[in-house]
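Visitor: So the sequences go chain by chain: A and B.
Note that my numbering numbers the first sequence so that position 295 is 295, with each residue one more than the last.
Note that my numbering numbers the second sequence so that position 544 is 544, with each residue one more than the last.
Keep in mind that the hints were calculated from the coordinates and are not lab data.
Please read these numbers as outputs of a predicted model, since none were measured by experiment.
It cannot be assumed that every hint is accurate.
To be verified - Mimicking DMTMM-like on lysine to aspartate or glutamate, the simulated pairs with C-alpha atoms at most 25 Å apart in a straight line are:
#, chain 1, residue 1, chain 2, residue 2
1, B, Lys231, B, Glu192
2, A, Lys228, B, Glu544
3, A, Lys22, B, Glu28
To be verified - Over 10 Å on every C-beta distance to chain A, these chain B residues come out as not near it, computed from the model:
#, residue
4, Thr233
5, Gln363
6, Glu428
7, Asp442
8, Gly460
9, Ile464
10, Gly529
Where a beta carbon is used, it is the ideal one built from N, C-alpha and C, also for glycine.
Number of protein chains: 2
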Amino acid sequence: MSDIEIAQKASMKPIIELAKAKFNIPPEHLDPYGHYKAKLSLEYVDSLSHQNKEGKLILVTAISPTPAGEGKTTTTVGLGDALNRIGKKTIICLREPSLGPCFGLKGGAAGGGYAQVVPMEDINLHFTGDFHAIGVAHNLLAAMIDNHIHHGNALNIDSRRIKWKRVLDMNDRALRKITIGQGGIGNGFLREDGFDIVVASEVMAILCLATNRADLKERLGRIIIGYKTDKITPVYASDLKAQGAMAAVLKDAIKPNLVQTLENNIAIVHGGPFANIAHGCNSVTATKTALKLADYAVTEAGFGADLGAEKFLNIKCRSSKLKPSAVVLVATVRALKYHGGIETDHLNQENLEALEIGFSNIQRHIHNITKNYNLPVVVSINHFTHDTDAETSLLKKKCEELGVKCVISSHWAKGGAGAEELAREIIEIVDNKEASFDYLYDDDIPLWNKIEVIATKIYGAKEIVASSKVHEEIDKLQNKYGKLPICMAKTQMSFSTDPTLKGAPSNHIIEISDVKLENGAGFIVVIAGNMMTMPGLPKVPTAEKIDIDDDGLITGLF
Amino acid sequence: MSDIEIAQKASMKPIIELAKAKFNIPPEHLDPYGHYKAKLSLEYVDSLSHQNKEGKLILVTAISPTPAGEGKTTTTVGLGDALNRIGKKTIICLREPSLGPCFGLKGGAAGGGYAQVVPMEDINLHFTGDFHAIGVAHNLLAAMIDNHIHHGNALNIDSRRIKWKRVLDMNDRALRKITIGQGGIGNGFLREDGFDIVVASEVMAILCLATNRADLKERLGRIIIGYKTDKITPVYASDLKAQGAMAAVLKDAIKPNLVQTLENNIAIVHGGPFANIAHGCNSVTATKTALKLADYAVTEAGFGADLGAEKFLNIKCRSSKLKPSAVVLVATVRALKYHGGIETDHLNQENLEALEIGFSNIQRHIHNITKNYNLPVVVSINHFTHDTDAETSLLKKKCEELGVKCVISSHWAKGGAGAEELAREIIEIVDNKEASFDYLYDDDIPLWNKIEVIATKIYGAKEIVASSKVHEEIDKLQNKYGKLPICMAKTQMSFSTDPTLKGAPSNHIIEISDVKLENGAGFIVVIAGNMMTMPGLPKVPTAEKIDIDDDGLITGLF
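Produce the entire structure from the sequences given, and follow the hints as far as they go.
Guide: If you want it as structure tokens, here you go:
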């Protein structure tokens with residue numbers, strides 16, 4: 001059965017009743033969206049924040065992604081269900097899927113197999129409208145910029161130095177680079193512009209880091225949209241008086257969304273910033289709420305641990321004072337063989353040698369988590385049919401040599417029951433010792449050094465280099481924004497900036513091609529290589545196969 | 001108090017309970033969106049369609065719009081509340097407001113004063129996400145077009161003949177005319193394109209005319225996106241296999257939305273196509289559902305009766321077999337003085353002479369409705385403080401001379417109580433005689449003659465003219481699409497194509513500048529003059545004043 005077929009057979013419980021039964025959430029604090037989705041009121045979220053109780057936070061991250069697939073979301077769901085099965089009150093926190101990629105190659109992003117959150121079609125298609133609201137807030141600011149210039153440009157905005165593009169939740173390469181304002185005087189001034197996908201919007205990052213409505217509005221107001229004609233004075237969203245309307249547009253988007261897993265456990269699915277040019281985690285509000293409601297909260301971070309976990313720990317946890325208790329590192333035998341040099345066509349054949357070589361990738365990630373952050377880690381291997389006993393034994397042995405437990409999980413096929421061993425290992429760790437989590441770098445070290453620490457300690461690079469122009473940019477930021485954390489944007493496929501370098505490349509050079517201050521989100525994006533912020537559709541897009549029948553049943557979503 | 005302040009003081013009832021109490025709608029057929037909005041299942045809509053019962057349909061339309069404002073939506077809400085007050089089970093059917101204009105000059109569009117639908121902020125800001133879904137469906141097709149060309153253009157689409165633009169629910173003049181596909185090979189082919197506002201999308205018109213999911217998908221598939229390189233072969237959305245995914249994206253948008261008036265009467269607010277390049281009425285599904293549930297349904301059509309009512313009667317009613325029983329023609333003393341040549345600054349001063357001159361406008365509309373469609377009409381004057389007794393008496397007298405009742409209504413200030421006289425007049429008419437509604441033209445007369453009939457009989461024009469190119473276009477359409485109705489796109493400010501010609505211009509010439517087949521919607525748009533399909537923001541947009549406080553209370557929406 002396909003994921004959507006499994007999801008459609010789910011026996012869902014009305015979410016309001018479920019939330020009441022599981023966590024005693026008063027129905028009046030839930031806004032239903034249909035019968036199986038609901039938004040939690042911020043008043044309730046706020047009331048929880050005054051309670052002393054705090055659950056344990058478990059982060060699910062992965063090896064460097066490969067075309068073979070790893071299954072982070074699936075593991076997060078499976079582990080959550082397994083914890084609940086063994087009697088541990090757990091809530092999982094996921095990112096909301098982006099609509100655009102559903103029409104491309106990827107299909108949906110609400111887990112897979114028997115480890116899914118439901119209603120799957122709703123979560124993938126429009127969910128509770130959060131991303132649409134983010135798009136509107138973003139594009140309202142964009143429209144106000146060009147409108148301001150059109151009506152006399154009292155702020156002296158330099159139209160060549162506008163950094164604020166437009167966004168759409170669609171894979172649409174034709175909009176990456178465009179010229180706007182054509183057609184004559186009535187249409188404003190001509191300039192180059194472009195569209196990013198909604199998840200790449202700074203508004204998304206802001207929404208996911210904001211702690212309440214006041215913080216949200218404050219952050220929106222301090223967005224820097226570009227510079228004045230003097231080339232150096234920033235123009236803020238607040239100069240355009242946009243932040244009030246933007247925050248009003250986000251009035252519901254800021255509230256966390258409750259749904260359920262196939263096994264009727266509560267999941268909070270809220271926010272979903274890009275994991276390269278943004279920090280790639282679900283909202284702080286969601287994670288904090290889960291920790292107040294449940295004894296354990298399981299959440300995921302985008303891409304591999306070098307990008308997703310690094311940002312989760314150094315951006316999200318830093319800004320919100322969250323402290324994880326343990327990390328689950330997801331891998332597959334297939335993906336590790338791919339890191340060992342095997343092509344996608346041959347991953348189903350046993351190959352211990354390739355596995356051994358590819359193990360270098362997971363080893364680097366294990367090292368990073370345990371040594372750089374001082375966090376306990378459990379490796380979870382998502383089981384595939386073709387994995388051989390020899391292969392899984394080898395993996396277990398190699399992990400053991402590193403002092404790390406390796407568990408074979410089969411939640412994809414069996415749901416929570418397939419991840420019980422993983423759940424027990426995690427409980428063993430988090431219930432028995434307090435993790436002493438360290439950030440990778442201090443706020444106070446210079447920006448250049450922060451980038452260097454990430455590149456050398458996490459990526460295994462020899463050094464970082466940059467053009468004099470980029471050096472200048474970083475120097476300019478140092479003075480006023482030097483305490484901000486770094487958000488690295490580089491390929492997720494490799495520890496290096498070369499996506500074809502698998503395994504654990506060492507002594508490579510990371511070239512910084514650009515830096516960008518995200519003043520509202522509160523981090524500095526450091527770009528190494530070309531980042532795609534507007535995907536395209538493949539030759540045969542999934543959209544061609546998606547269909548709905550006369551009774552409203554959707555097929556082909558993936 | 002401002003409209004939003006009045007709306008925020010409303011004592012709303014939970015919509016699911018209200019729907020059950022008023023019309024015995026089973027809760028399981030309602031999808032809640034928060035506690036005060038809900039979507040009706042299509043299964044329930046379908047089950048109603050098999051019942052024999054049919055309420056009476058009342059159309060609210062207006063004189064030619066002026067900057068002085070008329071108040072069609074307010075009258076629709078007030079009349080609905082008044083009918084319910086006098087014991088007549090009534091549902092009102094409105095269009096959903098477009099988000100973009102909320103940030104511009106206009107503010108919200110959910111009625112005004114004490115004649116509003118609520119929750120006002122929700123209805124104006126994102127409501128149940130219908131317009132976002134329409135935008136995604138539209139832009140998915142656009143992305144699939146450029147993607148198809150990028151990947152080899154197997155369909156031989158002529159990129160210069162693509163008619164399918166992109167859409168955004170934003171007032172953003174800079175996007176009216178753009179160049180896309182810049183930046184190199186990876187971004188596709190360069191071509192000129194542009195964005196319309198979402199309400200101008202053919203998908204919006206389709207959604208509002210579709211009778212069920214199958215019809216929706218069929219209509220989406222037959223959208224013509226442009227022509228092949230042979231210049232004449234149409235390319236359909238179905239050629240790109242887009243209609244299934246588009247219909248899936250619209251899975252919830254097709255369901256009618258239930259909200260309530262300030263007086264706790266049910267309103268169905270669903271769909272909102274532009275009233276110039278589209279037909280400007282709420283969805284057929286909404287109107288039909290209201291007629292099955294209630295004894296009376298009151299609905300509105302966009303702009304003045306020459307555009308809105310004409311399209312309601314000749315497009316919406318024709319395609320759906322709806323038969324209105326009576327028409328309410330809304331006017332104000334101020335607006336009629338404006339039609340009599342008075343500038344906006346002086347409309348508060350009594351001026352019987354100007355009123356007498358301006359009466360020509362309402363007289364033409366009355367004539368059109370009674371003589372061209374054979375429908376009974378009641379004039380409703382929205383009362384303003386500065387209206388004098390002499391002025392209202394003059395209006396009543398002049399209407400009486402035409403055999404038409406004229407009622408002074410004060411629902412804006414008093415809610416339903418202020419429209420009771422209007423309600424009684426309407427009941428008097430619709431309960432006592434069966435209207436024998438006629439279309440303005442038959443399906444079978446040639447397209448050119450259809451346009452001519454509208455121009456001469458409704459607009460009072462002497463003739464229609466067109467360039468040979470436009471003549472050719474019409475001739476080309478005649479063969480295959482000759483039975484389709486006409487959707488006139490011309491200025492709403494005048495019976496002529498010159499917006500400055502107030503009152504009732506006669507013997508003018510209507511020049512057809514363009515024709516456009518909307519094959520999915522099932523009408524031919526005939527354009528006379530420049531139509532704005534993407535508004536701009538004013539120098540000081542309303543967005544600058546919109547705000548939300550720390551508790552989520554919105555201000556400044558208008």
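Visitor: Each of the hints needs a verdict: does it hold here or not?
Guide: Hints, verified against the model:
1. Of the supplied pair hints, the one linking Lys231/B and Glu192/B holds, its CA atoms being roughly 18 Å apart against a limit of 25 Å.
2. Restraint check for Lys228/A and Glu544/B: satisfied, since their Cα atoms lie roughly 20 Å apart, inside the 25 Å limit.
3. Proximity of Lys22/A to Glu28/B is assessed by CA-CA distance (about 23 Å); at most 25 Å being required, the pair is judged to hold.
4. Under the 10 Å C-beta cut-off, the non-interface status given to Thr233/B relative to chain A holds; the minimum distance is some 21 Å.
5. Consistency note on Gln363/B: stated as away from chain A, and its beta-carbon is indeed over 10 Å from all of that chain's, at 35 Å minimum.
6. The claim that Glu428/B is not at the interface with chain A holds, since no C-beta of that chain comes within 10 Å of its own (minimum 42 Å).
7. Every Cβ of chain A is farther than 10 Å from the Cβ of Asp442/B; the closest lies at roughly 32 Å, confirming the non-interface assignment.
8. Once the 10 Å rule is applied to beta carbons, Gly460/B is consistent with being away from chain A; the minimum gap is 30 Å.
9. Distance check for Ile464/B against chain A: the nearest CB is about 27 Å away, which clears 10 Å, and the non-interface claim stands.
10. The Cβ of Gly529/B lies farther than 10 Å from every Cβ of chain A, with a closest approach of about 15 Å, so its non-interface assignment holds.
Going through the hint list in order, the structure satisfies each hint without exception.
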